[in-house]
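Participant: Listed here are the chains, written in short residue letters.
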Amino acid sequence: MKFIRLIDKFENLFDKQTKGRPIKPGELQKLEQLLADKKSRYEAKLESTQDPEKRKKLETKLKVVNAQLEKSKQLASS
Amino acid sequence: MLKKVLLPSILVILAYGFWISPDFKEIADGVSIFLFGMLFLESGFKAFTGGVLEKLLQKTTDKTWKSLLFGIVSTTVMQSSSLVSVITISFISAGLVTLVGGIGIIFGANIGTTTGAWLVAAFGLKVKISAYAMPMLVFGIVLSFQKSKYLKGIGSVLAGLGFLFLGIHYMKEGFEAFKDSFDLASLAVAGYPGLFLFAAIGAAATVVMQSSHATLVLILTALAAAQITYENSLALAIGANIGTTITAIIGSLSANVQGKRLAGAHLIFNLVTGVIAIVFISQFIWAVDSISSRVGIADNNYTMKLAVFHTLFNVTGVLVMIPLIRQLADYLFKALPEKVLEVAEPKYLSDAAIEFPETVLVSVKKEVWHLFDSAFELMAHGMNLHRTEILESADFEKTIDADREIHDFDMDELYESKVKVLYGAIIDFISRSQSNMSSVFSEELFRLRNAATEIVECVKHIKHLRKNATKYMLSDNEHIRKEYNRLRYQIAMILREIYRLREEDDYDHALAVLEMDELKAEILVTHEELNTRITEVLQDNQITPSMATSLLNDFNYADETSKNLLDCAQALLASHADLVAEAAQEVILDEEEIKEASTA
Numbered sequence: 001m002k003f004i005r006l007i008d009k010f011e012n013l014f015d016k017q018t019k020g021r022p023i024k025p026g027e028l029q030k031l032e033q034l035l036a037d038k039k040s041r042y043e044a045k046l047e048s049t050q051d052p053e054k055r056k057k058l059e060t061k062l063k064v065v066n067a068q069l070e071k072s073k074q075l076a077s078s
Numbered sequence: 079m080l081k082k083v084l085l086p087s088i089l090v091i092l093a094y095g096f097w098i099s100p101d102f103k104e105i106a107d108g109v110s111i112f113l114f115g116m117l118f119l120e121s122g123f124k125a126f127t128g129g130v131l132e133k134l135l136q137k138t139t140d141k142t143w144k145s146l147l148f149g150i151v152s153t154t155v156m157q158s159s160s161l162v163s164v165i166t167i168s169f170i171s172a173g174l175v176t177l178v179g180g181i182g183i184i185f186g187a188n189i190g191t192t193t194g195a196w197l198v199a200a201f202g203l204k205v206k207i208s209a210y211a212m213p214m215l216v217f218g219i220v221l222s223f224q225k226s227k228y229l230k231g232i233g234s235v236l237a238g239l240g241f242l243f244l245g246i247h248y249m250k251e252g253f254e255a256f257k258d259s260f261d262l263a264s265l266a267v268a269g270y271p272g273l274f275l276f277a278a279i280g281a282a283a284t285v286v287m288q289s290s291h292a293t294l295v296l297i298l299t300a301l302a303a304a305q306i307t308y309e310n311s312l313a314l315a316i317g318a319n320i321g322t323t324i325t326a327i328i329g330s331l332s333a334n335v336q337g338k339r340l341a342g343a344h345l346i347f348n349l350v351t352g353v354i355a356i357v358f359i360s361q362f363i364w365a366v367d368s369i370s371s372r373v374g375i376a377d378n379n380y381t382m383k384l385a386v387f388h389t390l391f392n393v394t395g396v397l398v399m400i401p402l403i404r405q406l407a408d409y410l411f412k413a414l415p416e417k418v419l420e421v422a423e424p425k426y427l428s429d430a431a432i433e434f435p436e437t438v439l440v441s442v443k444k445e446v447w448h449l450f451d452s453a454f455e456l457m458a459h460g461m462n463l464h465r466t467e468i469l470e471s472a473d474f475e476k477t478i479d480a481d482r483e484i485h486d487f488d489m490d491e492l493y494e495s496k497v498k499v500l501y502g503a504i505i506d507f508i509s510r511s512q513s514n515m516s517s518v519f520s521e522e523l524f525r526l527r528n529a530a531t532e533i534v535e536c537v538k539h540i541k542h543l544r545k546n547a548t549k550y551m552l553s554d555n556e557h558i559r560k561e562y563n564r565l566r567y568q569i570a571m572i573l574r575e576i577y578r579l580r581e582e583d584d585y586d587h588a589l590a591v592l593e594m595d596e597l598k599a600e601i602l603v604t605h606e607e608l609n610t611r612i613t614e615v616l617q618d619n620q621i622t623p624s625m626a627t628s629l630l631n632d633f634n635y636a637d638e639t640s641k642n643l644l645d646c647a648q649a650l651l652a653s654h655a656d657l658v659a660e661a662a663q664e665v666i667l668d669e670e671e672i673k674e675a676s677t678a
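Protein chains in written order, with the working numbering: chain A, 1 to 78; chain B, 79 to 678.
One or more hints might be untrue.
Not everything, but these chain A residues come out facing chain B in the computed CB check (under 7 Å) [claimed, not checked]:
id, residue
1, Glu-27
2, Leu-28
3, Gln-29
4, Leu-34
5, Lys-39
6, Leu-46
7, Leu-58
8, Lys-61
9, Leu-62
10, Lys-63
11, Lys-71
12, Ala-76
13, Ser-77
14, Ser-78
Everything labelled a hint here was simulated from the structure, so no lab data went into it. Each residue gets a CB set at the ideal place from its N, CA and C atoms; glycine is no exception.
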């Protein structure tokens with residue numbers, strides 16, 4: 001029985017290397033942080049930009065980042 | 079011609095040898111079992127490729143001393159310099175290891191392989207190793223019948239070692255008996271002619287057996303049975319070292335030019351080492367005697383002395399060649415230049431890599447980028463733009479407005495020779511390598527295959543919109559010209575953005591992947607604006623209805639191209655090794671979500 005457990009552990013060790021890992025909450029948190037930082041950058045830029053064309057582009061970008069943030073949060077809670 | 083004659087001749091000689099001498103048959107049995115064991119050992123170690131070995135190799139070859147050490151350790155563990163050199167060739171073909179790093183591994187493998195001689199000389203000929211062979215074979219075979227890939231791998235390694243031991247036992251028995259009926263030592267030739275003759279025999283024997291390890295064990299057993307003189311055994315060992323490069327050369331035949339360069343480096347290294355050993359043979363014999371007496375090896379223990387010699391001349395070769403490693407690489411770059419071809423050829427898809435999943439992924443990704451580069455060129459010219467304009471222009475919109483040069487070329491012909499060939503090669507390579515893949519690797523390959531298909535689709539779309547884009551960019555109607563320039567700008571801007579991210583060495587994979595969603599949303603907004611503008615200019619009679627129809631059609635092609643390019647970039651800019659980027663793949667917005675975000 002112990003031998004089988006040992007083999008299982010051995011397989012898990014190699015599987016981590018060869019088969020990839022399921023997404024962990026920690027990785028989603030890092031992603032959320034990256035997106036939140038990006039969001040703040042866009043908001044700061046938006047505040048300092050007067051050009052209507054540039055503002056429109058930034059607003060679109062901001063909406064996408066918000067949607068991605070939302071999706072990431074949903075994924076983390078599911 | 080030689081190929082046709084060689085195999086039948088070997089078979090006839092072997093059959094004749096078996097007929098006249100049962101002892102010769104026993105030696106040949108031993109060699110065959112030994113080689114069979116090597117095959118088992120190689121397949122056993124291959125079970126552990128597909129992640130661990132590749133990652134280790136990538137991390138341990140960024141400095142020459144590291145790659146040298148990697149070569150020594152991996153060959154000592156695997157007891158097969160051939161396997162290490164074939165894996166290295168596959169890596170170098172895939173662009174995972176530089177030529178200098180690869181040469182370092184090969185140098186190290188030459189030192190690592192000498193540990194085999196030590197093991198056989200120290201234990202193989204004194205201890206009755208056949209006693210260990212059978213239990214190893216039994217355990218090995220039982221494990222190799224298991225379902226688990228890794229248990230199978232361990233089983234193959236054990237069975238391989240068992241067969242190696244058994245082979246050594248048979249060779250030893252054969253030579254012991256052979257000694258009484260035939261004295262090979264009487265054929266010994268003294269001086270340099272003898273050295274060259276036996277070096278040539280050693281090289282030929284290794285070429286036939288495809289294993290310097292097997293030749294060396296044969297030499298050691300013959301030496302232990304006093305069938306050859308000590309001096310001749312040294313020459314045979316030198317010859318075996320030269321002969322072993324043949325395995326690397328055969329391995330490189332299916333590799334790209336980088337793999338061929340590495341095989342060339344292996345040949346040059348072993349030739350130089352061999353010449354040094356032959357020229358300074360007296361000094362080497364003196365050094366071996368001196369080292370042996372210091373470490374307590376008896377004067378008449380020639381097998382151990384041969385092991386010392388084998389290590390000594392390989393280490394000397396490495397010490398001589400290491401300072402010249404860059405010059406050697408430069409020489410090989412010049413001697414084996416990359417072919418400049420009219421028809422594009424895959425650069426990274428090497429059959430040598432097909433058994434190593436991690437390498438397959440890296441090779442395919444690089445090849446899809448190669449396809450992207452070819453398609454980039456074609457798409458740029460298709461929109462009457464130069465690649466440099468797209469990549470380097472400071473005021474991009476202005477450049478596009480000002481550039482009214484028509485690029486005259488046959489897009490179909492270039493598509494066939496620069497894009498379709500590469501695409502076909504990628505699809506073929508993926509389908510052949512998929513059988514060795516675990517599900518996650520297969521998924522990643524599927525993503526890359528889709529990315530390649532999307533690139534091809536982009537070229538086809540550009541082909542469609544090229545006709546009108548060329549016509550209207552020369553038009554006197556400022557409004558239609560402006561709209562078509564906007565269309566050219568949209569595609570060129572996406573190409574430029576993808577290229578920029580790819581060129582950044584340390585780009586954040588996760589952010590790069592998600593940034594593509596922002597561009598997708600921008601395209602949707604642009605399309606909405608275009609619809610409004612078209613209605614306005616049509617109402618004002620600034621463009622004709624026919625122009626408006628063409629424009630709407632072509633903007634659909636442009637949108638499809640942009641979307642395909644961005645989807646493809648999301649697959650190519652991701653990295654399955656970066657776990658946050660893997661998580662980002664799950665957060666990529668679908669078409670509906672992007673539409674919602676862009677209109678909200």
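Participant: Would the hint on A/Lys-71 stand, with a C-beta cut-off of 7 Å toward chain B?
Facilitator: holds, 5 Å
Participant: May I ask you to test the interface hint for A/Leu-34 with respect to chain B, counting a Cβ-Cβ separation under 7 Å as satisfied?
Facilitator: holds, 6 Å
Participant: Would the hint on A/Gln-29 be counted as holding, given a Cβ-Cβ threshold of 7 Å to chain B?
Facilitator: This hint is violated: A/Gln-29 lies away from chain B, its Cβ roughly 9 Å from the closest one there, beyond 7 Å.
Participant: Restraint: A/Ser-78 near chain B, CB-CB cut 7 Å. Satisfied or not?
Facilitator: violated, 11 Å
Participant: Given A/Leu-46 was flagged as interface, is its beta-carbon under 7 Å from a beta-carbon of chain B?
Facilitator: violated, 14 Å
Participant: Can we keep the A/Leu-58 interface hint, with Cβ of chain B closer than 7 Å?
Facilitator: Nearest chain B Cβ about 10 Å off; hint violated.
Participant: Can you verify the interface hint for A/Lys-63: is its Cβ closer than 7 Å to any Cβ in chain B?
Facilitator: Since the shortest Cβ distance to chain B is 4 Å, the answer is holds.
Participant: Restraint: A/Leu-62 near chain B, CB-CB cut 7 Å. Satisfied or not?
Facilitator: The hint is violated - A/Leu-62 has no Cβ within 7 Å of chain B, the shortest such distance being about 9 Å.
Participant: Interface hint check: A/Lys-61, Cβ to nearest Cβ on chain B, cutoff 7 Å. Holds or violated?
Facilitator: A/Lys-61 check passes; min Cβ-Cβ to chain B is 5 Å, inside 7 Å.
Participant: Is the interface hint for A/Leu-28 satisfied, with its Cβ closer than 7 Å to some Cβ of chain B?
Facilitator: holds, 5 Å
Participant: So, as I understand it, the hint says A/Ser-77 touches chain B; can you test that by seeing if any CB pair is closer than 7 Å?
Facilitator: For A/Ser-77, the interface hint is violated, since the closest Cβ of chain B sits about 13 Å away, which is over 7 Å.
Participant: Was the hint right that A/Ala-76 lines chain B, CB cutoff 7 Å?
Facilitator: A/Ala-76 check fails; min Cβ-Cβ to chain B is 9 Å, beyond 7 Å.
Violation of the numbered hints given earlier is confined to hints 3, 5, 6, 7, 9, 12, 13, 14; the remaining hints are satisfied by the structure.
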